[in-house]
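Participant: Each chain is listed here by its residues.
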Amino acid sequence: MEMDEDEIVKVGMELGIKKVKDMVFVDEMCHWVIGVNGIGGSGKTTLVREICRDDEVRSYFSNRILFLTVSQSPNVEQLRRRIRGFLADCEMNGCSDIAPKGTEYGNWKTDMPVLVVLDDVWSLQVLQQLIFKVPGCKTLVVSRVKFPSSILNASYEMDLLAEEDAVSLFCHTAFGRSSIPPGWDEDLIKQIVEKCKRLPLALKVIGASLRDQPEKYWSGAKKRLSRAQPINDSHETELLNRMRLSIDYLSEKVKSCFLDLGSFPEDKKIPLDVLINVWTELHDIDEEEGYAILDELSSKNLLTLVKDSRAGDKYSSYYEISVCQHDVLRDLAIYMSSLERVNHRKRLVMARRENGVPKEWERDVDQPFLARIVSVHTGEMREMDWLNMDFPKVEVLILNFDATDYFLPHFIENMPKLRALVLINYSAKTAKIHNLSVLGKLTNLRSLWFEKVSIPQLPKDTIVPLTNLRKLSLLLCTINLKDESELDLSRLFPRLTELAMDHCIEMTMLPSSLCRVKTLKSLSITNCESLEELPCDFGMLLFLQILRVYACPKLKTLPIGVKNLIWLEHIDVSQCVNLHCLSEEIGGCLSLKEIVMRECPQIKNLPKAVSGLRSLRRVICDEEVSCHWKEMEKELPGLCVQVVEQCFDLDWLIE
Amino acid sequence: MVRFETSEMLARFLGSTPMLTESWKLCARANVMASQGFLIDEVGGVTYVAFSGVQSLDGLEPCCGNLVPLSGVYDRGMFPALQSDDKIENSVMVDAGLLQLFLNIYHTPVFQNQMFEIKKKQKPVVFTGHSIGGAIAALSSLWLLSYYQSISSPPSVICFTYGSPLIGNEPLSRAIHRQRWGGNFCHLVSKFDIMPRLLFAPLAPITTHLNTLLKSWHLTMNSPFFIRDLGVQLTEHEKAELFRFVLHYVEATARSLEVVANSFVPFGNFMFCSSDGAVCVDDTVAIVRMLHLTFASGSPSSSIDDHLEYEGYVEKISLQFLNRTEDELCESNTYEAGVTLASQAVSTGQDHMVRPIKDCLRVARRIGPTPNLNSAGLAIGLSKIAPLRAQIEWYKALCDESDDQLGYYDSFKLRSASKRDFKVLMNLLKLGEFWNNVIDMLEKNQLPHDFHKRAKWVYASQSYKLLVEPLDIAEYYRSGDHRKKGHYLKHGRARRYEIFDKWWRERDIYGENDSNSKSRSKYASVTQDSCFWAKVEEAVSCVESVKCERDPRVLAGLWADIEKFEQYARGMVERKEVSIDVLAKNSSYMRLLEDLRVIRLQLPYFSHQIPGVLDRKVLP
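These protein sequences, in sequence, are chains A and B.
Numbering-wise (the working numbering), the first sequence opens with residue 25 and increments by one.
Numbering-wise (the working numbering), the second sequence opens with residue 42 and increments by one.
Among the clues, some could well be false.
[What the hints assert, rightly or not] Using 27 Å as the maximum straight-line C-alpha spacing, the simulated DSS-like pairs for lysine-lysine come out as follows:
| id | chain 1 | residue 1 | chain 2 | residue 2 |
| --- | --- | --- | --- | --- |
| 1 | B | 626 | A | 578 |
| 2 | A | 545 | B | 471 |
| 3 | A | 578 | B | 471 |
| 4 | A | 42 | A | 157 |
| 5 | A | 578 | B | 460 |
| 6 | B | 464 | A | 456 |
| 7 | B | 543 | A | 292 |
| 8 | A | 628 | B | 531 |
| 9 | B | 531 | A | 453 |
| 10 | B | 576 | B | 543 |
| 11 | A | 578 | B | 464 |
| 12 | B | 425 | A | 628 |
| 13 | A | 170 | A | 45 |
| 14 | A | 292 | B | 525 |
| 15 | A | 453 | B | 626 |
| 16 | A | 580 | B | 485 |
| 17 | A | 580 | B | 471 |
| 18 | B | 464 | A | 495 |
| 19 | A | 495 | B | 460 |
| 20 | B | 526 | A | 580 |
| 21 | A | 580 | B | 425 |
| 22 | B | 471 | A | 654 |
| 23 | B | 460 | A | 453 |
| 24 | B | 460 | A | 580 |
| 25 | A | 628 | B | 464 |
| 26 | A | 628 | B | 471 |
| 27 | B | 460 | A | 293 |
| 28 | B | 464 | A | 580 |
| 29 | A | 247 | A | 170 |
| 30 | B | 425 | A | 578 |
| 31 | A | 456 | B | 460 |
| 32 | A | 221 | B | 460 |
| 33 | B | 425 | A | 370 |
| 34 | A | 654 | B | 526 |
| 35 | A | 292 | B | 460 |
| 36 | B | 525 | A | 580 |
| 37 | B | 531 | A | 293 |
It is worth saying that the hints were derived from the structure and are not from the lab.
Turn these sequences into a full structure, and let the hints guide you.
Facilitator: Now the structure itself:
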């Protein structure tokens with residue numbers, strides 16, 4: 025089945041073309057700016073070129089269409105001259121009735137609409153100079169960047185191809201036909217197409233590099249692709265270098281933050297909390313700055329925020345939000361980090377899951393590795409599976425695995441500078457962790473992230489205090505607290521400021537020694553289905569500022585002692601479906617600024633004491649209690665009550 | 042229409058119809074001259090049946106004041122619509138003595154003949170009666186309403202009582218409410234009359250007083266010219282004793298928030314009348330409070346005399362209607378003015394009474410009008426939680442397609458720490474909470490009486506149950522509750538599911554019968570018996586016991602249970618009434634079958650040890 029050239033180009037683009045055309049045809053005689061944005065290689069320019077060739081569009085603008093490529097280093101003055109000349113021409117040739125040729129375009133006017141296409145725009149500042157505010161002049165801006173809506177009247181974000189379109193585009197470039205030719209290994213082709221992640225450019229480039237090659241070459245290419253290595257030169261220059269343009273345009277700090285993203289496994293959501301943590305430890309930035317960088321990367325289509333509705337909120341918990349990245353971009357990050365020799369790389373990253381430490385790393389194992397960030401992705405690891413490696417400079421260690429047993433490598437001891445340790449298990453079952461005592465040597469460790477592991481009970485004398493640990497996050501973990509009385513968390517974590525326990529399925533109560541960790545500022549016990557109560561000494565956590573206990577369905581009351589928490593600013597009890605009331609003691613929390621209590625059907629009334637909460641600014645609640653809170657608005661000036669509509673999705677189905 | 046109908050306006054409206062006066066006329070005549078205990082008359086196409094208030098109470102004393110269930114034992118299934126198969130504490134009960142009086146009349150040939158005629162003619166009927174006759178009228182109405190229930194467009198049955206004692210308990214009141222019969226009953230109660238309040242108190246300590254009182258009342262009622270003070274009278278002291286005794290219990294009832302088990306509760310509309318007007322109230326709580334407030338303002342002698350004053354009240358109410366001027370009617374169009382008028386109407390000359398009565402009427406209104414609003418609110422709530430159920434459906438579909446071939450029951454039961462499964466658990470809890478709340482509101486009469494018969498709710502609850510209950514069962518067995526409390530079906534099943542079962546059984550199955558006979562061509566989307574998995578679990582534990590049990594008698598019992606289950610499950614599967622998750626390769630059910638197959642292979646060995654077990658299976 026042969027397709028003619030036009031059709032191939034347009035594969036999977038019909039809908040996008042139609043949408044953009046609708047935006048172009050808006051009957052608006054003032055100036056009108058439309059943006060088309062998307063990740064590099066997603067077919068933006070192709071789409072816009074198709075639009076310019078479209079018969080309807082050409083007749084609508086009577087062929088008065090100017091197509092300009094702006095690029096990263098444009099000669100703005102020259103471009104302006106060309107646009108000005110184009111507009112002047114239109115005015116003369118068109119049926120304009122206003123004669124005087126002013127120097128100010130403000131006086132210009134075209135009766136017939138004209139279209140200016142600005143392709144490959146990179147900065148807002150350049151764009152602003154190229155938009156001519158002339159009535160009747162429509163500007164179509166093509167960019168990898170999402171420009172703010174103050175500039176754009178309408179915008180269209182490129183979609184990736186549908187799966188069948190991806191196969192047909194690939195087959196066209198690789199075989200010159202729209203489907204997999206008979207006799208070819210269908211699985212192999214599908215796996216290669218899968219690696220391109222529905223990105224048109226990747227499909228075209230990779231398809232073209234494999235054209236007319238023997239099948240053996242294909243399987244070799246597949247392997248290289250899965251290690252984020254280029255197949256051949258054309259792949260490297262055409263795809264990676266073109267994608268790389270986006271990166272080169274970033275500032276040095278943002279660029280290195282982007283490259284850090286390659287440390288996370290492919291196709292997995294990256295918890296925002298982990299990402300920000302890694303960035304703050306590696307680049308000496310604070311959380312706010314980290315968030316700004318995240319925003320920049322997202323606006324340049326270099327990553328996607330999942331569940332972004334709540335991100336950026338001052339009190340929102342980052343661990344419920346995650347980011348994901350297109351695989352081609354991840355490959356690019358790994359490719360760019362892997363240009364140097366293994367021992368000299370700043371980022372030592374395993375591009376995909378392997379059974380053990382990569383061969384490549386073994387070669388110079390006797391010499392120290394100078395990496396600052398190390399990421400390992402394996403299956404089960406036993407003691408002898410690890411190499412003895414030396415990492416004098418490592419600050420961040422990310423251990424991803426997929427197993428039910430995991431032995432922490434001894435080389436962690438040789439990481440004197442380690443500041444953040446991330447341990448994530450991706451298998452369906454909780455994994456047992458061995459050799460946990462290795463952490464005792466890490467005096468600089470500031471943050472720990474454990475996901476889906478069971479933490480064994482440690483013999484009492486082997487527990488060495490983690491003197492510098494500030495942040496401890498335990499997700500989907502099983503924690504053995506049998507001999508709780510022996511455990512003194514305040515001795516173990518003398519400087520802990522943030523503790524998060526999420527989806528800890530078996531935990532029925534917290535160890536009471538937690539209340540002696542007086543440095544604690546933020547405590548999140550969330551999505552814990554068995555949690556029945558908070559410890560009764562809760563009032564000892566005098567410096568607590570943030571308390572989240574949402575989605576703990578067995579929790580019936582807030583603990584005694586809440587009234588002592590005079591610095592508490594934020595409390596979230598959402599989805600505690602059995603919580604009967606906000607305690608009367610809440611009146612003691614004089615600094616309380618925000619209360620979130622969505623989906624608490626048992627709470628029908630408010631404690632009288634809330635009328636004394638002078639600092640309260642925001643309450644998020646259900647409709648049922650909102651009337652009580654609205655009454656409070658009279659007594660508490662500055663209070664704003666929000667009833668949040670729930671939104672439902674199915675993202676949670678895919679784990 | 043404004044909800045004024047509960048108050049003074051309805052009272053006035055009733056006064057304007059001839060029914061009130063006509064029925065009282067016949068009541069008065071029945072008191073004097075009903076040889077069979079009742080009289081029948083027809084006025085303007087309406088049949089009036091009046092029961093005499095003068096009834097022989099001989100031999101009934103031990104029964105009066107005691108409640109008996111309307112379960113069919115005493116009444117031979119005459120009130121099918123009121124019977125419920127709920128637990129004992131919820132059963133509908135009426136006063137044993139009053140029921141006996143009704144049955145005595147009911148079984149007379151005269152009454153049977155008359156009722157046969159009435160049923161044949163299908164004309165409107167008014168049952169009425171003064172004093173005890175009122176109670177009999179009420180029971181007759183309930184009987185006829187029950188009888189007419191199966192008829193598509195039954196003629197109307199109205200009941201007017203005058204100073205009638207209460208007849209039944211709270212479940213009776215609720216059942217009448219649910220059948221939407223409350224509007225068929227209008228109980229006239231004069232301000233001070235002791236009779237309607239009498240059964241709030243236990244009768245045993247005051248039997249002698251009561252006997253004297255009733256005899257004296259009967260003499261007066263029976264005398265053609267209504268001559269007072271005939272026969273032996275109570276002394277002033279005895280009157281005061283009686284009054285204080287009854288008042289004490291009326292007050293206690295009005296004060297307590299909970300309904301005490303085995304106590305009498307009013308139902309229908311109560312029209313409180315005084316010489317200046319009348320007020321209608323239909324909310325149970327408000328009725329009890331009004332019964333108390335008005336009674337408390339009376340005196341011992343007025344409490345006894347007022348029982349004989351209905352003639353005057355009926356006359357006043359109908360006259361009042363004629364005398365009302367236009368502007369007064371306009372004035373009462375606002376709610377506040379209406380409450381004021383209404384409270385004045387019953388509390389003439391006692392200004393201190395106006396305020397509490399006003400409050401009471403206001404409460405009655407506030408509680409009164411909400412059922413439809415509540416129901417609308419719940420409909421919105423249902424649409425809000427619908428996505429939670431849809432998400433569980435997606436979860437089920439995902440598990441059905443998953444490679445581990447567990448099906449959603451076992452996936453959820455075997456879950457470990459997982460965000461997805463936790464989300465499902467939260468949905469489960471939120472849905473359960475919603476439905477519990479629905480049932481709670483229904484039982485507190487905050488919803489329309491026929492709420493549980495509305496298709497929307499019957500089907501919504503059924504589809505909720507079929508999809509979600511398996512997960513509740515899974516959670517029960519996952520958490521090990523069955524080891525602590527016993528098996529789910531007997532000890533763990535949430536009450537809401539049993540109620541939904543009942544709704545489903547009692548639904549209007551008009552036009553649906555044929556679908557039952559239609560056989561399925563493919564497996565159901567959800568298993569049609571929501572307790573299927575609970576039965577599987579019980580069978581699994583039977584099989585476990587079989588493995589280690591040695592006592593032949595116990596073993597035989599276990600095998601009988603297992604075989605019963607197998608037969609049931611096979612039937613479900615053959616009729617394709619199970620969803621595919623039941624037949625997933627690694628589901629509990631399939632593993633159970635495999636287990637059983639293996640055990641049966643070894644059975645000769647077992648039975649060798651235990652001769653006599655399962656002869657038919659083992660012996661060649």
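Participant: Hint by hint, which ones does this structure get wrong, listed from lowest number up?
Facilitator: 1, 2, 7, 8, 9, 14, 29, 33, 34, 37
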